[in-house]
Amino acid sequence: MDAKSPYNNYYSPSIAIIFAACLLISRVVYALFFSSYCHVPGPRICKVTRLWVDLHDIFLRRNQQIYKWHQKYGPVILIAPGEVSVSSAASTKMIYRAGTQHPKSSFFNNFTLYGERTIFTALGCMEHRAMRKTTFAFYQPTTVYSDAVMLPLRRRVRRFVDELSNSAHAESTVVGADIFKLTNSYAFDNITSLVYGPSHTSQSLDSEKEKQTILQDWAECEIWNNLLYAFPLAHRFIKFAITHLKNPHFLHAEQRLFEWNMERLDSTLRDIDTAATAESLVGRLLKDKKGSSNAPRKTLVAAECLDNIHAAQTTVSLALTYTIWLLAVHRSWQREVRNELQALPLEQDGLPCFDAIRKKAPVLEACLCESLRMKPLSSGRAERIVPETNLYDDVMIPAGTIISTSTIAIQHNPHVFQNPHFYDPGRWLRADKDELRAMESCYIPFGYGARLCLGKAFAVVEIKLLLACLLLNFDIYENEQSGTNATTMGQLGTENALPRGLRCDVLFRRLQKA
856 MDAKSPYNNY
866 YSPSIAIIFA
876 ACLLISRVVY
886 ALFFSSYCHV
896 PGPRICKVTR
906 LWVDLHDIFL
916 RRNQQIYKWH
926 QKYGPVILIA
936 PGEVSVSSAA
946 STKMIYRAGT
956 QHPKSSFFNN
966 FTLYGERTIF
976 TALGCMEHRA
986 MRKTTFAFYQ
996 PTTVYSDAVM
1006 LPLRRRVRRF
1016 VDELSNSAHA
1026 ESTVVGADIF
1036 KLTNSYAFDN
1046 ITSLVYGPSH
1056 TSQSLDSEKE
1066 KQTILQDWAE
1076 CEIWNNLLYA
1086 FPLAHRFIKF
1096 AITHLKNPHF
1106 LHAEQRLFEW
1116 NMERLDSTLR
1126 DIDTAATAES
1136 LVGRLLKDKK
1146 GSSNAPRKTL
1156 VAAECLDNIH
1166 AAQTTVSLAL
1176 TYTIWLLAVH
1186 RSWQREVRNE
1196 LQALPLEQDG
1206 LPCFDAIRKK
1216 APVLEACLCE
1226 SLRMKPLSSG
1236 RAERIVPETN
1246 LYDDVMIPAG
1256 TIISTSTIAI
1266 QHNPHVFQNP
1276 HFYDPGRWLR
1286 ADKDELRAME
1296 SCYIPFGYGA
1306 RLCLGKAFAV
1316 VEIKLLLACL
1326 LLNFDIYENE
1336 QSGTNATTMG
1346 QLGTENALPR
1356 GLRCDVLFRR
1366 LQKA
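First residue of the sequence shown? That's 856 in my numbering, and the numbers climb one at a time after it.
Honestly, the hints are just simulated from the structure, not real lab data.
A couple of the hints might just be wrong.
Unchecked claim - Distance condition first, Cα-Cα at most 27 Å in a straight line; then the derived DSS-like pairs of lysine-lysine: (1) Lys-1214 / Lys-1094; (2) Lys-1368 / Lys-1142; (3) Lys-1288 / Lys-1036; (4) Lys-1311 / Lys-988; (5) Lys-1101 / Lys-1215; (6) Lys-948 / Lys-1215; (7) Lys-1142 / Lys-1214; (8) Lys-1153 / Lys-1142; (9) Lys-1215 / Lys-1094; (10) Lys-1153 / Lys-948; (11) Lys-948 / Lys-1368; (12) Lys-988 / Lys-1153; (13) Lys-1036 / Lys-948; (14) Lys-948 / Lys-927; (15) Lys-988 / Lys-1036; (16) Lys-1101 / Lys-988; (17) Lys-923 / Lys-948.
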């Protein structure tokens, strides 16, 4: 046959198509029936490709979808080739408890700052243990409850409430506010005071200019970050196109915060020898090391500062937002908390003593626990690597597998939390010892084990002090005219579980003094 026969043009693409189809079929058959994950429960498509979970990720519904898969397939599911999600207390303990040697996955490389790896992004267990020694004592309750930390925080709480009171007085005792935006500024000012010292803290509660410079558009960046993690080239292309064609400030909020953080660190370092600055996180990181050969690099100090700010700002802001919203919806519980708080003695600043709040406000504690249970503060992508082949809830998982606990699934376990989608703070009050132990084993709002959030004690102080002061001064209602509702307060599948509407409008009615 002539070498230039037209049949050659027909056979070449046909052979290529047949070969590609055979490869695809072979891959599917291997993944479904012969791979080391073929026995793991989960959607069949997830055994073949990770694109399915990535698509849910970029459309901000990964967390909710994984929860649905757990409801259908059980406590151990395959969500992508080589990636498993669990939802039981037993598996969670195996993965995260101290001494288990499950290192973090490469997902945490997305959170390196200034080219440095922080305590949060340290992958290895030994590396993390060595790094956390510097700041572990700094965030302990003995430090957090000291006057150096508590007094500036109480002043900020008082100022927050006074501003609302002044607005309510000017508007016939009722004022509407976006509590998500306000608590974001409150949390940011609190953590920057702790990180840099009170002389170098931000003033975003008082300064609209500083608020716009630092905090504007940060939520927009977070919404787009899921695309960055899954498809970085697509993210860069979209950012480049929109920046050059439509909005030059698109997704630049993080860069502004990077620059602001470095400027603030420079001013703090010039003042490092003063007593107030020495008690800050910067002071602790540089304690007895300034000018010495083992002093940490400036970029590492800057990275630790910004990492602490990122974590504390969003954690506290979201916890306050969801708790206040749920109390506005469930007003009978709001009244119970207020009655409890009104029985506590007040300090000179008009706020209850935090020790009294901590020890004598069980209803407030129950409402906070229930809010954090129903509305987890993070995505649950606390990914670890299985160090050796082992059984997790009777399912054999190979070494090298990425594994994590679904926070939504474990905190909505119907065998532990009866009617898990129903807001019921009373479950924490009426539980006996065994029931409470079971609930606490499935309750991980601040993480679990050796990687438990270092700033938990400080976050709880921020949250409870502001909640107490707000409830003692205001009756809080839903703002039905604002558009904030159960749908807009649903959670996005972002790294920090933002409210879908990116705001939370509620009404504050100033209480009449007795």
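Status of each hint after checking the structure:
1. Lys-1214 / Lys-1094: violated (50 Å)
2. Lys-1368 / Lys-1142: violated (48 Å)
3. Lys-1288 / Lys-1036: violated (39 Å)
4. Lys-1311 / Lys-988: holds (16 Å)
5. Lys-1101 / Lys-1215: violated (55 Å)
6. Lys-948 / Lys-1215: Measuring from Cα to Cα gives roughly 31 Å; hence the hint is violated.
7. Lys-1142 / Lys-1214: violated (34 Å)
8. Lys-1153 / Lys-1142: holds (14 Å)
9. Lys-1215 / Lys-1094: violated (51 Å)
10. Lys-1153 / Lys-948: violated (36 Å)
11. Lys-948 / Lys-1368: violated (49 Å)
12. Lys-988 / Lys-1153: Holds - the C-alpha atoms of Lys-1153 and Lys-988 are around 18 Å apart, at most 27 Å.
13. Lys-1036 / Lys-948: violated (36 Å)
14. Lys-948 / Lys-927: Within the cut-off at roughly 23 Å; holds.
15. Lys-988 / Lys-1036: With Cα atoms ~34 Å apart, Lys-988 and Lys-1036 exceed 27 Å; violated.
16. Lys-1101 / Lys-988: violated (47 Å)
17. Lys-923 / Lys-948: Roughly 22 Å between the alpha carbons, so the hint for Lys-923 and Lys-948 holds.
Violated hints for the displayed structure, listed by number in ascending order: 1, 2, 3, 5, 6, 7, 9, 10, 11, 13, 15 and 16.
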